[in-house]
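K.L.:
Protein chains in written order, with numbering that gives the first Met the number 0: chain A, 0 to 198; chain B, 0 to 465.
The reader is advised that the hints may include incorrect statements.
What the hints assert, rightly or not - Calculated Cβ distances over 10 angstroms to all of chain B for the following chain A residues:
hint, residue
1, 16
2, 68
3, 77
4, 94
5, 114
6, 145
7, 147
8, 161
9, 171
As the list claims (entries may be wrong) - Pairs of lysine to aspartate or glutamate residues, derived as EDC-like cross-links and limited to a Cα-Cα distance of at most 20 angstroms, are as follows:
hint, chain 1, residue 1, chain 2, residue 2
10, A, 167, B, 19
11, B, 255, B, 235
12, B, 361, B, 387
13, B, 322, A, 58
Stated by the list, open to error - If you want the footprint, here are the derived chain B segments under chain A, 3+ residues with CB under 8 angstroms:
hint, stretch
14, 9-18
15, 85-99
16, 144-157
17, 424-436
Please keep in mind that the hints were generated in silico from the structure rather than gathered at the bench. Built from N, CA and C at the ideal position, the CB exists for glycine as well.
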Amino acid sequence: MSGISQISGRAAPLDQANVDTDQIIPKQFLTGVTRSGYGKHLFHDWRYLDKNESVLNPDFSLNQGVHKGATILLTRENFGCGSSREHAPWALADYGFEAIIAVSFADIFYGNCINNQLLPIALSSAQVQALFEAVSASPDLEISIDLPEQTINFDDTSFNFDIAEHHKHNLIKGLDAIGQTLELDSKISAFEGKRQIWL
Amino acid sequence: MGKTLYEKIVDAHLVDSIGEDLLLYIDRHLIHEVTTPQAFAGLDEKNRKVRRPDLTFGTMDHSISTRSLALDACGPQNALQLNTLAVNCARHGIELYPVGHKNQGIVHVIGPQLGLIQPGMTVVCGDSHTATHGAFGALAFGIGTSQVEHVLATQTLKQSRAKNMRVSIEGKLGLGVTAKDIILAIIGKIGHAGATGHVIEYAGSAIRSLSMEERMTVCNMSIEAGAKAGLIAPDETTYAYIKGKEFAPSGENWDKALSFWHTLFSDDDAKFDTLVKLKAEDIAPQITWGTNPGQVVAVTEAVPSPDDFADPIVKASAIKALKYMALEPGQKLTDVDVSHVFIGSCTNSRIEDLRAAAAVAKQGKVKDSVTAIVVPGSVAVKEQAEAEALDKIFIDAGFEWRLPGCSMCLGMNDDVLNEGDRCASTSNRNFEGRQGRGARTHLVSPEMAAAAAIEGRFTDARRFKS
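Modelling step: build the complete structure from the supplied sequences, incorporating the hints.
P.N.:
Here it is in structure tokens:
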């Protein structure tokens, strides 16, 4: 996996809290056996007026001209709550999103994003509100994210964001997490030697 | 300073730690068809093998039919996924309980039922309701597919330390108030994201008095409060449940295990980041009115008004939820008709749930306007229910009696609702579209669901208690 460092582009606003993984990618699209091809089903129930995905819902923000091709999703509290389905970040990344800015994320979803080179950024409610207002005022606003510096820049504004050091490191380097752990084989074997017999 | 139960389990599974990043050993890995095919494919790409097939157990539950044992009963795509699991398990020497096997069932029902889950263990599964197993004092949580692949390859998982929350419920539950009502009341109090970043330990006399199946119902929905996991310290109830089960320790090992299990409790001076208290007597049967599990009221209460919420985000969510659910502020849910009733899911499909629902079902008939299905959680639950003739009670009352599986909880099979349908459901999520596009889900206990089937609308199930 190649690493990520700088992300820039327009933001698509999704102005609601508690967007759950059933909304991000509904269950009928979970029967695949590969990691690809989920982007067209992203936000299916909101994005399309019909089950066959032939009629776009003109009221849904992602369908509105200026927001097409956005690389950043802007949303509110508790994004990605619900199931552990990794199909959710797969769908968001396949659609073209590279970063998600929200007030907060559900835990499992956050980890799934990190494992898929999709950058989850949590900001304060006030900062997210400022971004919503800026995007509303100029929908083609160019936003740039600098992961090594942990900053988001737009107009003359710059916000800092927090991210755990190991998450940041893995995102920038695009590391193979399993490969890293396999290098600890002797420690794992030593632990196994101490496990209780009934386990 | 003392440790919480969560901290004791984490510390006992630490293989390595790099800063905040903990590498934990995993004692049990449960797998199913939906979240594993890409993980096995990932192993193949790198020519990696499964490190501990002996600690990995598979079942088929999410995308199977509840009317037929044929794997292709719900279409070729579902069949491909199910067959892929069978091939992957066979290739890697993993024990699989496929459709038709006596041990098959919902992954979170069969794990405990087989004695696979024991106090102090770490348990993971590519499913958020893995929190269920915390009922045994095990640290159990849901993971994504990349993490499934990581556990398959290394039998370990990288984790950050979670915060500790203790939810204490003291007192005695009223007649007809269930474990489902306890957990819905907790989520209603702390909110749908109230425990994000935390592991919850449930404590107090009301929790102590619960059976293992009831404890599983409580821990199951920890994720609906945003928690990483839910835990209940093991006690005599736990040990009695495990003893004699297929994979439970026996003989000398039982004694060794038991002495270890006795160390699994939060120390008196352990530090909790967040404390929540509820009185058991204050909890009435619950019904969700909205589109997340925190949007819940007691059956005796009316649907709230968005104006009741000061937080503008919560208010906006309430407006959106009321519109989707076609409900008015101030409306009584006992005046709302249901078209469907679903009794099942990893939350409420165990034998005690079915007994409780049957006790209500035998007092009436399902209304003509209602379609009601009962989906036992496993083959073993189904057989036990049939031995007790519960199936006959349900069928005579007009319920459909189905084969085990996840079914209408998420509708990955053909148990799907249509737009505008309204369902009293014993499952765990009332999200928009969860049970079908445009369908409306109200989460309730098995008793409340059975009572709604008979009345054709929501009603206080305590009426059916004598």
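K.L.:
Each of the hints needs a verdict: does it hold here or not?
P.N.:
We went through each hint and held it up to the structure:
1. 16: violated (5 angstroms)
2. 68: Non-interface label on residue 68 of chain A holds, nearest chain B Cβ at 26 angstroms vs cutoff 10 angstroms.
3. 77: violated (4 angstroms)
4. 94: holds (18 angstroms)
5. 114: violated (4 angstroms)
6. 145: holds (22 angstroms)
7. 147: holds (18 angstroms)
8. 161: The assertion about residue 161 of chain A holds, with a minimum of 12 angstroms to chain B.
9. 171: It holds; residue 171 of chain A is separated from chain B by about 15 angstroms at its closest Cβ, greater than 10 angstroms.
10. A/167 - B/19: Cα-Cα ~13 angstroms, so holds.
11. B/255 - B/235: Within the cut-off at roughly 15 angstroms; holds.
12. B/361 - B/387: At roughly 13 angstroms apart (the allowed maximum being 20 angstroms), residue 387 of chain B and residue 361 of chain B satisfy the hint.
13. B/322 - A/58: holds (16 angstroms)
14. 9-18: n = 4 at 8 angstroms, threshold three: holds.
15. 85-99: Violated: only 0 residues of the stretch 85-99 of chain B have a Cβ under 8 angstroms from chain A.
16. 144-157: This one holds; 10 residues, not fewer than the three required, reach chain A with a Cβ under 8 angstroms.
17. 424-436: holds (count 6)
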